[in-house]
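**Q** Need the complex rebuilt from these two chains, each delivered in its own frame; the hints are there to steer you.
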Amino acid sequence: MSSPGELKSSSSELDLDRPNIEDYLPSGASIQEPHGKPRLRDLLDISPTLTEAAGAIVDDSFTRCFKSNPPEPWNWNIYLFPLWCCGVVIRYFILFPIRVIVLTIGWIIFLSSFIPVHFLLKGHDKLRTKLERCLVELICSFFVASWTGVVKYHGPRPSIRPKQVFVANHTSMIDFIILEQMTAFAVIMQKHPGWVGLLQSTILESVGCIWFNRTEAKDREIVAKKLRDHVQGADNNPLLIFPEGTCVNNHYTVMFKKGAFELGCTVCPVAIKQSFTMHLLQLMTSWAVVCDVWYLEPQTLRPGETPIEFAERVRDIISVRAGLKKVPWDGYLKYSRPSPKHREGKQQNFAESVLRRLEEK
Amino acid sequence: MGNTSSMLTQYDIEEVQQHCNHAFSQQEIVSLYQRFCQLDRNYGGFISGEEFLSVPEFAVNPLSLRLLRMLDGLNFKEFVAFLSAFSPRATLQEKIDFIFKVYDSDGNGKVTFDDMLDVLRDLTGSFISAQQREQVLTHVLEEAGYSKDSLLILSDFVKILENSGVKMEVEVPVD
Numbered sequence: 001m002s003s004p005g006e007l008k009s010s011s012s013e014l015d016l017d018r019p020n021i022e023d024y025l026p027s028g029a030s031i032q033e034p035h036g037k038p039r040l041r042d043l044l045d046i047s048p049t050l051t052e053a054a055g056a057i058v059d060d061s062f063t064r065c066f067k068s069n070p071p072e073p074w075n076w077n078i079y080l081f082p083l084w085c086c087g088v089v090i091r092y093f094i095l096f097p098i099r100v101i102v103l104t105i106g107w108i109i110f111l112s113s114f115i116p117v118h119f120l121l122k123g124h125d126k127l128r129t130k131l132e133r134c135l136v137e138l139i140c141s142f143f144v145a146s147w148t149g150v151v152k153y154h155g156p157r158p159s160i161r162p163k164q165v166f167v168a169n170h171t172s173m174i175d176f177i178i179l180e181q182m183t184a185f186a187v188i189m190q191k192h193p194g195w196v197g198l199l200q201s202t203i204l205e206s207v208g209c210i211w212f213n214r215t216e217a218k219d220r221e222i223v224a225k226k227l228r229d230h231v232q233g234a235d236n237n238p239l240l241i242f243p244e245g246t247c248v249n250n251h252y253t254v255m256f257k258k259g260a261f262e263l264g265c266t267v268c269p270v271a272i273k274q275s276f277t278m279h280l281l282q283l284m285t286s287w288a289v290v291c292d293v294w295y296l297e298p299q300t301l302r303p304g305e306t307p308i309e310f311a312e313r314v315r316d317i318i319s320v321r322a323g324l325k326k327v328p329w330d331g332y333l334k335y336s337r338p339s340p341k342h343r344e345g346k347q348q349n350f351a352e353s354v355l356r357r358l359e360e361k
Numbered sequence: 362m363g364n365t366s367s368m369l370t371q372y373d374i375e376e377v378q379q380h381c382n383h384a385f386s387q388q389e390i391v392s393l394y395q396r397f398c399q400l401d402r403n404y405g406g407f408i409s410g411e412e413f414l415s416v417p418e419f420a421v422n423p424l425s426l427r428l429l430r431m432l433d434g435l436n437f438k439e440f441v442a443f444l445s446a447f448s449p450r451a452t453l454q455e456k457i458d459f460i461f462k463v464y465d466s467d468g469n470g471k472v473t474f475d476d477m478l479d480v481l482r483d484l485t486g487s488f489i490s491a492q493q494r495e496q497v498l499t500h501v502l503e504e505a506g507y508s509k510d511s512l513l514i515l516s517d518f519v520k521i522l523e524n525s526g527v528k529m530e531v532e533v534p535v536d
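The listed protein sequences derive, respectively, from chains G and A. Counting in my numbering, the first sequence runs from 1 upward without gaps. Counting in my numbering, the second sequence runs from 362 upward without gaps.
No wet-lab data here; the hints were simulated from the structure. The beta carbon of each residue, even a glycine, is placed where N, CA and C say it ideally should be. One should not assume that every hint holds.
A few chain A residues that face chain G, going by a derived Cβ cut-off under 7 Å, partial list only [unchecked claim]:
1. Asn422
2. Ala505
3. Ser508
4. Leu522
5. Val527
6. Val533
In silico BS3-like links for lysine-lysine, alpha-carbon gap of 30 Å or less [unchecked claim]:
7. Lys438/A - Lys37/G
8. Lys346/G - Lys528/A
9. Lys163/G - Lys509/A
10. Lys509/A - Lys67/G
Pulled out of the complex, with its shape left as it was, chain A reads as follows (with noise of 0.2 Å):
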């Protein structure tokens, strides 16, 4: 009869709560709290790559295999931090900053040429040629005042991105 949400004390939640700048109130952190349970099936206390993509919804994602990359291992802090962009309450500087992230692929802070292809022909698939893919980055990396070799740093994120109307809210379920 014990309630999962038991497990967690206050302090656990405001704990939580910190490390992810408050963008989750406490019912959702418990909310999320069971779905790590959930998720966490061998009950390892993190949530390894295969768990993950044992959620059909998320392993058909096209960027499924690359967030794995940020995802694969997670503890419950790490989890909700990692979710944290996704709050209604994260600014928009916030969400930028994780969308860089993802381009980021070797954490160096700088956005290369080749990561913007790769995020693309994930999105693609096979459905454009390898060929076009680069014609059209190009075109419009030219277009924006960039070339080929530019090295994209998080401002020009910011900078690109900021009046396109990023819209990244997932509503987490508190019943």
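Isolated chain G, as found in the complex (with noise of 0.2 Å):
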């Protein structure tokens, strides 16, 4: 359940229309545009291309996108140490066992209810749908109480109605417990094997959650109509989509897919920062998850406005919002090669650039 995401269009389709890499890519090598016909030591000198070459291999943006950060060791000082190393006893030896046990007795409490609210309440439909909704925020909050979690939440709690679609950046796995501990969303998400997959399909079903498989594109069509539907409806659970169908890390955001605001709903856009920023938090994050989660003022589409546009304008608030860099990579390229359209972009700028030369006289 890695990787809940939204999945309406494949990488290649989207190039057309995406917004221009070379707009985000710092200009290693500068263009001034040489004037007079070529010389030989035009068409030889291939430096910039192969500068641009070298720096990607240094450093590039897309793999510091997924890069995980290792705290900051702060132990290493000789008087810290003894303090870290009851730290050690004190996690390992307390601590995770109260976690295991805290979420042993949320499983028990929330399967004794579930099962039989699933399989006995068949005929109130309604009253199943609500209890079913309580009881996975429920277990969401066990969860989210045996990492010790401190979340904090800003600005107005999700409804449920139907058109709108919340949006939200990725980080990990815990970003759906966090949410759905105080809202049952309907997420989209990877479909799972073994008993991953068993959960997905009884107990996220409950909450109207749509799966898709990453590899099959015949799946697209069918879940696009799903996600209309599931909109339409007003007694649904509230729709949240991931809509970089990726992991990525707390410093960045890659491209949008656009499927979410191209359904002509409302877009509330939900910026989520696992923040250790703050020294005294960096020594925590070994014994608690801190997060803050913003709901954000939700968006329409502008008169005029393209969805990718559409879907860079929200990327642009969640980045703002949750201080994260954004880079113009679709974060499916973990799985796949970029499109030749990047590439034949740079060899026609080069291509007119000689040609025009060739016939000024």
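**A** This is the structure:
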């Protein structure tokens, strides 16, 4: 379940209308337009392209998005070391068992109420949905409690109404549970095999979650239709989409997939920041999960705005609030190669400049 | 809590520095080593072509496939040596030498008309016709006093490029 996401378009079909990558990348080689007829040295000098290639090998924005940042070690000081040892003892021998117990109790309570509710209240759909919603929120609260989650929610709590969709940035599985604890969202997520798949098809199905399979193209239309149906229903749980389609670390946002932004709904941005910024909190990280959640101003498609532009605008809002850097990459590049389109753009620029200079007499 | 940089000893760093003619400082070598480990996803001790192509910014580069011939399967020392041409400390001669190697596909020290045409094709793709490419290249070669059949050697490249303001510098991020 690690990658709830949105699936509407494949990376290749998105390339046509997506923002220009060059706008984001540092222009390492300044392209001053040379004039006059091309000379041999102009054609042979491939240093700008080579510099770009070497620059990408040394450091690149895409890899940085998925690099996990190890917490800075603070225990290397000899005076702090005994303190750290105490911490290990407390964390592993006291906190850890307590957490396991909390979680076990949570599951026992959850399952012993969920199973009867799910099977016995077949006739009373309304009551059943309501109870199941509460129970899912409950088990998620147990999860958060078991990691000593310190979560601050800002802004109004999401309401249930048709024609709205929530979008959030996505760092890890934790996001999903933290949001779910407050509101039983219906989430779009990748279908998983095994016992996670079993949880998906029983418990999460009951709050209206929708599954997709990244690798299956046929799947897309079916899911898109399910999405449209879901947002029309007045009593359905609010829909939550992680439009990045993959997990990104807590410093960056990758391109949003446009599916969520072409449903014709109000889009409510949710910014999540797992904040490890202050030194004191850094010290706490191994002890607790500290996290901020902001429910932001709902946005609608402006006249004349394309879904892509809309998606970018919402990404802006979330990135600013959560203090994330935007990069122009599609998160699915983790699974596939960039389309030749990007390379062709570079080739076209070079070719045109050569041709233009040829015509100058 | 281990730090990856602690895996390189002072001796290792000095050895690598010598191998690349001191093009990088010790801190830069440490940074490059971290990057190397990050790219070497299979922990094989070398970076395969596949692994290089998993960097999208590299994969979209028009010369990526050509460079891959030089890059495929590099170990750390070779990796640093490859990048040393892009160090601000490398001389112009070294940079031009690198460019020459990119052109010289068979490594025999001579660049043929076809070699140059190949690179030009990589750079322009389908946006210039093959015929036009050949025309342009023949034209500029003749203008510079060569012909279609000339074999260019390194000293020719130095002569051609030394005054054209070749700027090949990549900064290694050091934290």
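**Q** Now tell me, hint by hint, if it's right for this structure.
**A** How the hints compare with the structure:
1. Residue-level restraint check for Asn422/A holds (minimum Cβ-Cβ distance to chain G is 4 Å; threshold 7 Å).
2. A distance limit of 7 Å between C-beta atoms decides the matter here; for Ala505/A the minimum to chain G is near 4 Å, and the interface restraint holds.
3. The beta carbon of Ser508/A is not positioned within 7 Å of any beta carbon in chain G (closest approach about 12 Å), and the interface hint is therefore violated.
4. Interface hint status for Leu522/A: upheld, as the beta-carbon distance to the closest one in chain G is roughly 6 Å, under 7 Å.
5. With a least beta-carbon distance of about 5 Å to chain G, the hint placing Val527/A at the interface is held under the 7 Å criterion.
6. For the restraint placing Val533/A at the interface with chain G, the shortest Cβ-Cβ distance is roughly 6 Å, inside the 7 Å limit, so the hint holds.
7. With a CA separation close to 42 Å, the supplied pair Lys438/A and Lys37/G exceeds the 30 Å bound.
8. This hinted pair checks out: Lys346/G and Lys528/A have alpha carbons roughly 19 Å apart, not beyond 30 Å.
9. For a cut-off of 30 Å, the pair hint linking Lys163/G to Lys509/A is broken: about 67 Å separates their Cα positions.
10. Between the alpha carbons of Lys509/A and Lys67/G the distance comes to roughly 49 Å, so the proposed pair goes past 30 Å and is violated.
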